[in-house]
Amino acid sequence: MVVAAKNMSTSPPRPLPPNIADNAAALLREHQQIIWKRTDLLLSSLLEFEWALGLLLALWRSPRTWNGANSSVHPHVWAAIYLGGAILVAPILLALLRPGRVLTRHTIAIGQMLMSGLLIHLGGGQIEMHFQIFGALAFLAFYRDWHVLVTATIVTAADHLLRGILIPESVYGVAYASLWLTAEHAAFVIFEDIFLIGSCVQGVREMRGIAENRALLEHSYHDVEKQVEDRTAELKSAQAALMNSARTAGMAEIATSVLHNVGNVLNSVNISATIVADKLRLSEVSTLSKVSEMIVQHKPDLASFLTTDERGKLIPDFITDLAQCLGEEQSSMLGEVQSLSKGIDHIKQIVAAQQSMAKKSNVRTSVLPASLIETALNLQPPGLASDVQLQRHFADVPQLMLDQHKVLQVLINLVANAREAVMVRPAGKREITLSVGIISSAAGDRLRFQVTDNGMGIAPEHLTRIFSHGFTTKKDGHGFGLHSAANAAKEMDGSLSAISSGMGHGAIFALDLPVNPVEEGVSCKI
Amino acid sequence: MFGLVALWLLGVVAGVAWLCRYSVIPGPPAAAVTSWPTELGPLRKGDRDTLVMVLHPDCPCSRASMSELAVLAADCEGDLSIEILFAQPPELVENVRSTDLWQSAAQIPGAMLLEDRGGALARSLGATTSGQVFLFDAGSALRFSGGITSSRGHAGNNAGRVAIEAIVHKEAPGIKTTPVFGCSLW
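Chains A and B, in that order, give the protein sequences. Take the first sequence: its letters are residues 1 to 526, numbered as in the numbering used here. Take the second sequence: its letters are residues 527 to 712, numbered as in the numbering used here.
Hints were generated in silico from the structure; no laboratory data involved. Fair warning: there could be bad hints in the mix.
Said to hold, decoys possible - Which stretches of chain B does chain A cover? Using the computed rule of at least three CB atoms under 8 Å from a CB of chain A, they are: (1) 545-554; (2) 566-575; (3) 581-589; (4) 620-626.
To be verified - Partial pick of chain A residues on the chain B-facing surface, computed with a CB cut under 10 Å: (5) Pro63; (6) Ala69; (7) Pro75; (8) Leu83; (9) Ile87; (10) Thr107; (11) Gly124; (12) Ile127; (13) Gln391; (14) Arg392; (15) Ala395; (16) His462.
C-beta atoms are modelled at their ideal positions from N, C-alpha and C, and glycine is treated no differently.
Whenever a hint applies, use it, and build me the whole structure from the sequences.
Below is the structure:
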């Protein structure tokens with residue numbers, strides 16, 4: 001049994017570091033205090049019960065004493081009331097006022113043994129009543145403090161010893177009792193004590209083991225807690241560094257986004273500028289200067305030169321044709337310059353929008369949504385109309401408050417992508433459908449711009465990634481266009497989504513935006 | 527605090543001492559007869575010793591005496607004739623047979639229970655205290671007189687029972703009288 005108990009011991013490997021050992025000792029004391037206080041209350045309650053039991057026993061067994069025909073209350077009844085009451089006074093008071101103290105539990109031990117003696121006496125000394133002694137000892141073992149058992153045993157031994165010497169017949173039934181008889185009686189108590197004391201010692205050993213384990217756990221817990229604090233501090237530091245990096249990276253991303261969008265517009269600006277330059281280089285104005293030189297040369301005889309000279313006779317018709325030609329040139333260049341101007345204006349707006357985004361503000365102006373699609377088409381590189389069959393499905397959507405430059409940014413991207421996508425198809429079979437309208441959704445009415453193409457389509461595994469920063473399927477792509485477009489949509493409280501049935505089945509891109517009606521007298525809202 | 531506990535302990539020990547003292551104060555000594563009194567009639571069984579126990583019908587202390595008598599009856603079975611005399615004081619009016627003591631006495635095998643209304647028979651024995659026993663030999667001579675409990679109402683090993691067993695078993699006789707612990711008969 002002892003071996004089994006040792007095996008069950010929860011003691012950790014020794015020795016413990018001093019600080020943990022101190023904590024373990026404190027925890028053990030705390031645990032013992034809990035047990036002692038609890039047992040103080042338990043055994044003081046038991047004493048009250050025993051007192052009541054003694055009174056009932058006295059009233060049942062010997063209620064009255066007789067002297068012939070006369071009777072009076074039996075002294076056992078008074079003894080049960082007063083002596084029993086006196087026995088429990090000190091233990092109960094100490095249990096209530098000073099629970100957990102050494103003196104308290106030893107006083108309770110004395111009280112328990114005295115009360116047991118009283119019960120044995122009131123019970124007429126029956127052998128069964130002596131079991132009370134062994135029961136009381138077992139109850140006292142609840143303290144897990146073997147010293148208490150020693151005190152209880154001393155009380156019992158002293159009772160037997162003193163009464164064995166002074167009134168031996170009251171204990172042993174004989175007028176003379178040797179010390180051996182006392183020892184014989186005490187032996188039964190000591191026999192039980194051996195087991196109970198062993199149990200108490202084992203109990204304390206196990207409690208110590210538990211306390212040491214708990215101290216180790218607490219130590220580990222504090223260690224972990226400290227490590228967590230250290231790591232948290234490191235994380236905060238790393239987070240700050242990361243934020244700086246992110247800020248830098250963010251700035252780079254913004255710059256990339258701006259450059260990408262500006263680059264898109266610059267394509268058309270560049271083409272317009274080239275056209276203007278070509279037209280200027282090939283302009284008939286140089287021919288006019290030759291005619292002008294001829295006129296200056298023949299200034300003295302200009303009339304005869306224009307009427308008689310073969311070259312002079314051609315000049316009036318030439319000037320008429322030249323005027324018509326220059327007019328056409330002017331008209332063409334004016335259109336290109338306007339396109340150039342729009343492009344430059346869009347670049348300016350991109351920069352302004354970027355600046356306003358940096359200030360976390362949005363600029364909304366009253367605009368006709370369909371016109372934004374037209375503008376986006378106009379800002380595409382030339383040849384779109386000839387390369388692709390464009391279809392327009394514009395619902396009757398009134399002017400709304402929109403951040404037109406962000407919308408344009410998105411639409412230019414979508415149209416450019418659609419154009420590239422359909423180029424895989426042979427000429428004549430490339431279709432791009434542009435639509436705008438109001439849709440109803442759970443969140444209310446939404447303005448939807450939709451760009452549908454019958455181009456190369458999107459693989460299902462790419463559908464969830466196409467808006468990610470840096471993701472592209474183009475050979476020369478950067479993965480910024482759709483990412484910045486999606487961000488722009490989000491900044492407008494909208495969303496950009498894509499649908500495709502797979503490679504070769506085209507794609508549909510939809511820009512959904514909140515419907516913000518134009519308020520009376522408001523043309524611009526920040 | 528230790529002083530207060532010591533005072534408490536002293537007080538309680540004094541109470542215990544008082545109780546013990548009360549327990550060992552015997553009843554008044556009996557002016558016992560020396561031979562079988564004629565008032566009791568002839569000896570019922572002349573081939574063995576006869577033990578007569580005199581009881582107050584309501585004495586609570588005599589339960590222990592009755593318990594010891596039961597032990598004695600078992601130890602001396604076949605060698606001892608037992609008669610239990612319920613001495614009812616003249617002023618005490620009650621049905622003796624309904625008392626606990628009568629019921630207990632009726633459980634002892636072979637014991638003869640006698641109602642002694644007015645207590646004349648008990649007086650003829652010289653009994654004064656409940657629980658007193660008188661042991662007569664086959665020749666009617668008194669061999670022992672006294673109590674068979676060690677203290678008032680306290681069952682257990684006692685000198686009276688040991689002495690009677692020795693006499694009945696023809697062993698070396700010990701003491702011939704012991705104090706009686708019980709209620710006064712008169």
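Hint-by-hint comparison with the structure:
1. 545-554: Check passed, 6 qualifying residues.
2. 566-575: violated (count 0)
3. 581-589: holds (count 6)
4. 620-626: With 0 residues closer than 8 Å to chain A, the region 620-626 of chain B misses the three-residue bar; violated.
5. Pro63: holds (7 Å)
6. Ala69: holds (4 Å)
7. Pro75: holds (5 Å)
8. Leu83: Given a least distance of 4 Å, the restraint on A:Leu83 holds.
9. Ile87: This interface hint holds because 5 Å falls under the 10 Å limit.
10. Thr107: holds (5 Å)
11. Gly124: holds (5 Å)
12. Ile127: holds (7 Å)
13. Gln391: violated (104 Å)
14. Arg392: violated (103 Å)
15. Ala395: Violated. Min distance 97 Å.
16. His462: violated (86 Å)
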